[in-house]
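Model the full structure from these sequences, guided by the hints.
Start counting the sequence shown at 10; every next residue gets the next number (my numbering).
Bear in mind the hints are in silico, worked out from the structure with no lab data behind them.
Hints may be right or wrong, so weigh each one.
[Said to hold, decoys possible] Result set (DSS-like, lysine-lysine): computed pairs, CA atoms no more than 27 Å apart in a straight line:
#1 K280 with K590
#2 K305 with K286
#3 K332 with K307
#4 K307 with K71
#5 K590 with K452
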Amino acid sequence: MARTGLYLLGLLSVTQARPASYQSAVVKRGVEELLPEYDFIVVGGGTAGLTVADRLSEDPKKTVLVIEYGRVAVDDSFMPPFNIPAAEFLYNLTSVPQPNANNRVFPVPNGAVVGGGAAVNGQIFFRGSKEDHDNWSLLGNPGWDWNSVFPYYKKSHSFNPPPQHIQDEYGMTFDLSAYGNSTPIYMSMAGYQYPGQKYEWKAWSERDGIVVQKEHGNGKAYGMIWIPSSYDPSRAYNRSFGGLGHYQYVQPRLNYHLLPLHRGLKINFEKQGLTQKAVSVQVKPRFGGGATFDIKAKREIILSASATRTPVILQLSGIGPKKVVEEAGIESLIDLPGVGWNLQDHSHTVSLYNFTKDVWPTPTTIHTNATFRAEALAEYNANNTGPFTSPTISGGLLLPARSFTGSHFASLGLQLGLQAGHKYHLPDDLDPTLVAGYILQHKILLKSFLSDKSALFEHPFQGSPRGTSILLKPFSRGSVNINPRDPFGDPIFDYRLLLNPVDLEIHVRMQQYIRNHFATSRTLSALGPVELVPGKDRASDAEVKKWLVDEENLNASNGHSCGTASMMPRLLGGVVDPDLKVYGTSHLSIADTSIIPLLVGAHTMSTAYMIGERAADLIKSRHEERPAS
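Structure representation (structure tokens):
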């Protein structure tokens with residue numbers, strides 16, 4: 010089983026005509042082509058970073074530079090869902106061994122291409138619940154509650170409903186008021202559904218305790234929902250991502266520069282009173298062994314290098330835990346313990362079943378039946394319809410704890426309650442501010458565990474006999490830090506998977522719930538389901554735990570790393586304030602998923618776009634009609 014799970018998709022070998030387009034940014038190849046300085050420098054041209062750059066460069070008087078480690082790849086076909094990951098579009102990173110997961114080493118999925126993770130992910134495009142975002146506000150972040158961020162979610166994309174015949178046949182529902190229509194990042198409902206989806210949707214809707222939502226995007230991301238994908242129907246259902254929507258398909262701007270195939274290594278500062286003013290970025294070419302050089306910023310530097318890389322850049326710049334920074338031989342400028350801490354991700358696992366009386370075709374048919382694949386490809390090339398327009402996922406369960414834990418709900422709640430207020434399963438030498446921050450997070454997570462409007466468990470489905478289960482709100486916390494022996498090499502990435510034992514208990518409950526469903530559903534019984542993995546010989550909770558951990562069927566990441574430069578008060582271990590400015594600095598902010606203090610109950614692409622939109626407005630507001638200083 011692929012340990013990178015649902016995250017990775019690469020390039021499809023299908024070719025098709027592409028519309029004529031033009032480049033919005035002026036691509037630069039080296040230092041000799043750059044301006045002497047820029048108003049704004051964005052380090053990282055990913056999902057949020059390109060959003061910020063696009064919005065800031067709308068003002069022709071402001072110069073904007075994006076520095077991106079990956080290459081420009083907008084002319085390749087990024088069409089899902091049948092492609093193999095292309096290594097050149099991903100960082101080659103792995104975690105340290107995980108002692109609670111049989112000492113396994115896990116991949117760290119991270120996009121390395123103009124457009125970032127949205128160029129290589131599974132295209133699952135939905136939001137967290139109202140409660141998820143209101144929880145951010147409870148952590149000391151005014152302006153980040155649901156009512157405040159909802160307009161930015163709407164601004165970040167354009168919505169395409171499913172074709173009418175799909176709505177009629179599959180009962181797909183939506184509410185246009187939850188969506189926007191002003192940005193060329195496309196959130197679309199499926200143009201094709203496999204027939205098994207009818208059975209799955211009906212079977213889950215028959216279970217007690219499952220709320221069937223007409224629309225999730227208005228803050229109701231709990232129950233059973235239809236899930237949009239990042240497709241552009243006007244481009245033959247090709248992938249929609251920032252490399253197109255915030256780079257290639259906007260009006261050409263001479264003030265918007267892109268420097269691909271370069272790494273932003275560190276930020277250079279000047280001391281100004283009690284703060285450190287960010288003045289330039291040290292940059293190095295990715296290939297060829299070229300020399301490093303500095304690029305100056307007059308107004309602001311925005312870090313948007315991902316939850317994996319942003320804390321590394323800060324630590325290399327002297328901003329972070331003093332001990333970590335100094336052990337690497339770097340001068341500590343600001344002791345900020347939260348840099349690199351609070352790592353969260355969506356761990357997941359997959360059980361497998363066989364339908365002995367299966368409907369035809371299924372999502373696997375296109376891989377196993379050459380005739381069907383050829384016919385589907387011919388239909389796609391002729392009409393842009395058929396199975397090649399099907400998303401990886403179009404339906405999903407987002408269940409609160411009470412809905413799937415059954416008789417274990419009370420005991421799990423009690424176990425979490427007994428942990429509350431304590432330094433539970435945290436490192437012994439953890440800074441007191443980080444302990445305080447986690448204790449408050451734990452209190453909020455316990456509230457969410459008890460809530461019926463906050464999802465803990467995701468089960469995505471697409472008409473095939475797969476039992477994918479995703480833990481949406483982990484209680485364990487990891488870290489990413491520079492390596493003291495090789496600070497500019499790969500960081501030390503530690504998921505600390507299952508450090509809190511409740512996470513494993515929840516994984517067991519999720520899998521047992523899915524197994525029970527396949528075994529007892531009246532609707533699915535018509536298809537003759539047979540469990541293949543874990544297998545009926547692993548019936549008990551103890552045997553499922555062994556299957557998850559010892560037999561290595563639990564994956565640490567769904568490509569949704571976040572939290573490593575959290576937006577919280579500094580006394581709670583925060584790194585940025587609600588305006589996204591880094592504590593102790595000026596002219597430096599962060600705009601990527603590293604600022605997320607608590608992981609939302611959704612795949613993080615939509616949230617990353619929202620963060621980019623809100624960050625752009627915050628940055629504009631503090632530089633509007635004011636001279637650079």
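task: Run the structure past the numbered hints and jot down the numbers of the failing ones, going up.
output: 3
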